[in-house]
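Colleague: This is what each chain is made of:
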Amino acid sequence: METPNNERGNERETNQDDPGYERAIHQEWHHALDHTADLKAAGDPTDPTVVTAPADTTAAAQASPTDLPIAPTEPAVAPAAGTATAVVAGHPKHVADPSDLVLAIRGLRVSFSGNEILHGVDIDAPRGGVVALVGPSGCGKTTLLRSVNRLTELAPTASITGEVQLDGSNIYDRGTDLNLLRRRIGMVFQQPNPFPMTIFDNVAFAMREQAKSRPSRSSLMPAVEDVLQRAGLWGEVKDNLDRNALSLSGGQQQRLCIARTLAAHPEVILMDEPCSALDPRSTARIEELIVQLAGSLTIVIVTHNLAQAKRIGDYAAYLLNGDLIEQGLAEQVFEDPREQSTRDFVSGMFG
Amino acid sequence: MASFTRPLQTPTPQAAPSGARADTVFRGLVIATAGFMLLVILAITAFVLYTGWPSFSANGLAWFGSGDQPLDVQLGNSFLGVPETGEPSTALNAWPAIVGTLLTTGGALLLSFPFALLGAIFIAELAPKRLAAILDPIVTILAATPSVIYGLFAILVLAPRIERNFIPQQQAEDLSAVVTLTGANVLLGILVLTLMIAPLMIAIFADALRAVPNKWKEGAIALGCDEWRMTRRVSLRAIRPALVAGTTLAMGRAVGEAIALSMATGSIGFIPNPLDGYFFFLEPVRTMASSIVDYSEGFESPELKANLFAFGVILLIMTATLTIGAKLASRSAERRLGGDQ
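Those protein sequences? They're chains A and B, same order as listed.
Under the working numbering, the first sequence has 30 at position 30, and the numbering climbs by one with no breaks.
Each position in the second sequence, counted from 1, maps to that position plus 1000 in the working numbering.
Think of the hints as simulated: they come from the structure by calculation, not from any bench.
Any given hint could be a false lead.
To be verified - Quick list of the computed label-pair ranges, beta carbon to beta carbon:
#: 1; chain 1: B; residue 1: A1046; chain 2: A; residue 2: S213; range: 53 to 63 Å
#: 2; chain 1: A; residue 1: G168; chain 2: B; residue 2: A1211; range: 57 to 67 Å
#: 3; chain 1: A; residue 1: D177; chain 2: B; residue 2: K1215; range: 29 to 39 Å
#: 4; chain 1: B; residue 1: A1133; chain 2: A; residue 2: R343; range: 15 to 25 Å
#: 5; chain 1: B; residue 1: M1037; chain 2: A; residue 2: D177; range: 55 to 65 Å
#: 6; chain 1: A; residue 1: R281; chain 2: B; residue 2: L1039; range: 47 to 57 Å
#: 7; chain 1: B; residue 1: A1133; chain 2: A; residue 2: G250; range: 34 to 44 Å
#: 8; chain 1: B; residue 1: K1215; chain 2: A; residue 2: E335; range: 50 to 60 Å
What the hints assert, rightly or not - For the chain A half of the interface with chain B, some residues (derived, Cβ under 7 Å), not all of them:
#: 9; residue: I117
#: 10; residue: G175
#: 11; residue: N179
#: 12; residue: R182
#: 13; residue: R183
#: 14; residue: Q191
#: 15; residue: A264
Computed from a predicted structure; not experimentally measured.
For every residue, glycine included, the Cβ atom is placed at its ideal position computed from N, Cα and C.
Pulled out of the complex, with its shape left as it was, chain B reads as follows (with noise of 0.2 Å):
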């Protein structure tokens, strides 16, 4: 009987103490990078706010107008100084660039989550194991590519080819006198976005997919559900919070996308006009972010800092909003389900 209580001992006197250190040096070591991740979070946003708010105080509510200047004669304006004295003006009316951040992610959004949706379901449901195993790495290499590489594609694969064949000459004079046409527009903006974030979508969607229970599925498959009506029905209702998740991640690097942008878009402060037909999408944008990039040269006058920081600011405000609403609609749909998982 003796025997068997041996092992039952606690561990020997030495072991016991320097364990217990080791776990307290490792639970302060995990705290204190978490405190430092907040502090360094919290300043950044502190410095975006400060430097930025001379520009919202000096054009109170107008900021989010659309004014009679264009927005690229007044960040030029911040920094070279207004014509008649030569000294640099906050004032700034941003609606172009807010319409052009809302346009670009919008369009891509729209574009690549059904495209990402049924990408995700061929790789993880439908493809063969050997051709799902060579689009894995694709999309993740896609996921992960820096994005002036796309930038870079785009002004000189696609803007050539949409300049030669989506822009009639004729047209492009009429509307000279408004705005120069070029291939770089809002719709290879839309276009360069979807290549961006849809592999990033894909690789999240698919990756829910694939961990989707077989019990639902061969629980569907018994109830006399063929493998697509399954998918449709069982696994993609599973894997709603990641389609919430992967979605916004994806409108979060679209809203926050610069140098690709900045390059594909045409990168002119012009609102593009409904009336044009669809020439809407040919017309040139200038968002938020690509604005920041565009100017940063001129950081050393104060006037122009503050207004690219006041960008800074809206685009945190956003993401942030992003961020929250995305939490709270998947716990409110788990709230509407009654769920306590």
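Chain A on its own, in the form it takes in the complex (with noise of 0.2 Å):
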């Protein structure tokens, strides 16, 4: 799957611009990639210089020189970045307040032409942190994860009950702007769908619809640099950024959406099983990426995989027949859940 140019990813030339950012960013590559088993390690508090990558990365996408305007997100990295050294022992590291809920479900029910799907869930996800998803396949994961951007009422059958609040506003009030939310809250879908067009028109993609006129490409260029290294793609495609972007390998093709979903400066990410169809290796890049963008962003991903969820998340939500049986932080969940049914899905008894 993977073409000869990953190879090329690891060996960046240090940014003349922004030493400081990418000698960060190198040492988190070596590292993660040295240990790509062994994520939580990666995320260790205790190791500073994997404590302070996400925040350089913040700082530099805020720095970068763009005057596109761009939507109004508050930069709610600041406060995670400040006070990331200082976490308490036994809270996920990306996460400064744990009370500081960045999205709160509440009695979410939602049903298609009268079959409910989900039936009063209740979801926390504090800033900065990972939440994970898991259940056995049909327990609406994906359908809950698709009601926090409004995407389930593309369905026309769908009908949509209780409250998802974003910063504190349900975003199902009348008079929400929908593109905004969308903006605000991105999503990376199970397959990777990168648009029939050239990566760097994929990454500009979101810049260019909100900017009011039509931006030049070399106005664009720092900013579509920053993403891709973000995502941990530029030293693969920065030679070849006019070529098909669904010439990518898989692996590719998902990071080039994350990179996609950066670009429109979200405060969320969902992610719907973003590695179900993508070989280990890539799995292991993009579980990487999540650890490296958690903490100045707020991801919630839906996955099937155990695995992967003790491996990258900071908090865990078990969901069975459209219920929520269990959520908390994700090592109490995987480790000592409270409830039996929880504990016969994390013991690998069903599902």
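Make one complex out of these two single chains by using the hints.
Modeller: Here's what the structure looks like:
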């Protein structure tokens, strides 16, 4: 699957404009690549190089010379960056304040043609964390995820009640700007879905969409480079930005989709089994990326893969037949579940 | 353990050879049919070239120019004979017919492409399901309607209205020394061609739009595009090959259209004069294809036959160039993208 180009991705030359950022990423890369199997260790709060990486990434993103009228997202990452080193032991490293919920889903009920899929689900997503939604097939995980950026209602038979609060305001309130909402809450799909255009155009898609007048390529380039860097794809594609995105491997396509989503400056990224169509090596790179992005963003990820949920999740929620059975710190849900049903699931007895 | 191997055994000995024989026969049939088609096409091309050649060799490059004599006089001469000698002549300056074909085809394409694109977007993306279910078969029927029906519609319904509303009596009299203005003219030719090719384009564009994978549409919506922007930025980009293919097909139909244009354009070998202002569009033309139809009774004259088949040669070359050009254009567009799909 992976092209030989991938190897070049690791040998990136130092960026003259911002050496600190580049070095941090560089260290992070090698660190993560050396221990791809042990991503929890890569996220160890006592390891200073790792903790500072997301903060620096964020700073670079905000300092990037872009004159585009970007969606009015708050710099939600600032507190997480400032307090990252002072995280209380036992809390997930990315999360500054577990009570600071960027997303709060309350009593969400979804039915299609009268057939109820979700029976009133509550989910908390603390700012900066990685929330893993797990459960057997057909339990409503994907429907739940798609209700957070209001994609569910594209199906004419869908009916939705309950609340999804983004920074305290309900996204189902009348008058919500759907396009703005979907920029604040980005989504990465199960099947990599780059558009049939060049790599550059894919990444620049959201930027051009948000710009008032058509921005020039050179004015977009710094931002395109920045998000491709953050998605860990720059080294592989920097000489081929005008290649058709569909000619990339599956794993590269998925990282391109992540870059494309990052370009809209989201506060939350929803990921719907982003690795299920990928080989193990590509999966490891995406997981790495998720761990790197957490902190500056909140990630809600649906996964079938329990090991993956354990590796990357700060929090976990277990759904069964449209009901939330249990949620909490990933460690607690997987190692010491409160409910027997969760225990059965995480121990591999079913699902 | 042994029982598991049973289903993996090869089929019974009789089945294999008979199946293989059927495959061979089928493959042979397919190859033979394809070869026969190719032969027929080559034979037609060779026949048309051979029959039309005397016209080109007699006229040289002047064939493509505009001469002193009107096209209709020349075609009449190659049939009835030159007035002075009574001998039929192959003398032909075909520029008026070439202009007629280019004008009607070009005008119809310019008019129908935006119309067809918007129509296809409406049917495929915007229209409620029930309305789309009604419009769909209507478009298909319109695309398949015989051209003579469009010709009748043009001459019986549209032509009188154009004549009444767009041609002032005074102007028509002023120009009557040069050409007679009637309701059948370039404008009507363009309109009837548009009516014919737009449904074809709508059908092809709408099918392509419906085939755009949902994952691309959802991807665009999830990036904060509304449906209209999604269609513009992603779907229209994805269906570019279909836009090229549909337009080429429509162009082929327009270039080769004979009957309907023979009825609608006035069928006079006249070159509309741009200096006449908007009367340019009210002046008659005669296309190459309708010249063939209009004079087909005179085929027993070898001179006329050569002249009409020479039109056929040009039409063949034009359509072949269009098809190959469109193929190359879409392929080079893909190569520029660097795609390998």
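Colleague: Take the shortest C-beta to C-beta distance between G175/A and chain B; is it under 7 Å?
Modeller: violated (15 Å)
Colleague: Quick check on the hint: R183/A CB to chain B CB, less than 7 Å?
Modeller: Constraint on R183/A satisfied, holds at 4 Å.
Colleague: Does the hinted range 55 to 65 Å hold for M1037/B and D177/A at CB?
Modeller: Hint holds: Cβ distance 58 Å, inside 55 to 65 Å.
Colleague: May I ask you to test the hint 34 to 44 Å on the CB atoms belonging to A1133/B and G250/A?
Modeller: holds (37 Å)
Colleague: Please check whether Q191/A passes as an interface residue: C-beta within 7 Å of a C-beta belonging to chain B.
Modeller: holds (6 Å)
Colleague: Taking the closest Cβ pair, is I117/A under 7 Å from chain B?
Modeller: violated (18 Å)
Colleague: So the hint says 15 to 25 Å: do the beta-carbon atoms of A1133/B and R343/A match that?
Modeller: Since the Cβ atoms of A1133/B and R343/A sit about 52 Å apart, the hinted range of 15 to 25 Å is violated.
Colleague: Is the hint on A264/A kept, meaning its closest Cβ partner in chain B is under 7 Å away?
Modeller: holds (6 Å)
Colleague: Quick one: are A1046/B and S213/A within 53 to 63 Å, going by C-beta?
Modeller: Because 57 Å falls inside the window, the suggested range holds.
Colleague: Verify the CB-CB distance for G168/A and A1211/B against the hinted window 57 to 67 Å.
Modeller: Violated - the Cβ-Cβ distance for G168/A and A1211/B, about 42 Å, lies outside 57 to 67 Å.
Colleague: Grab the minimum C-beta distance from R182/A to chain B and call the hint holds if it beats 7 Å, violated otherwise.
Modeller: OK, holds: R182/A within 7 Å of chain B, min 4 Å.
Colleague: Does N179/A pass the interface hint, meaning its C-beta sits closer than 7 Å to a C-beta of chain B?
Modeller: N179/A check passes; min Cβ-Cβ to chain B is 4 Å, inside 7 Å.
Of the hints listed earlier, those the structure fails to meet are numbers 2, 3, 4, 8, 9 and 10, in rising order.
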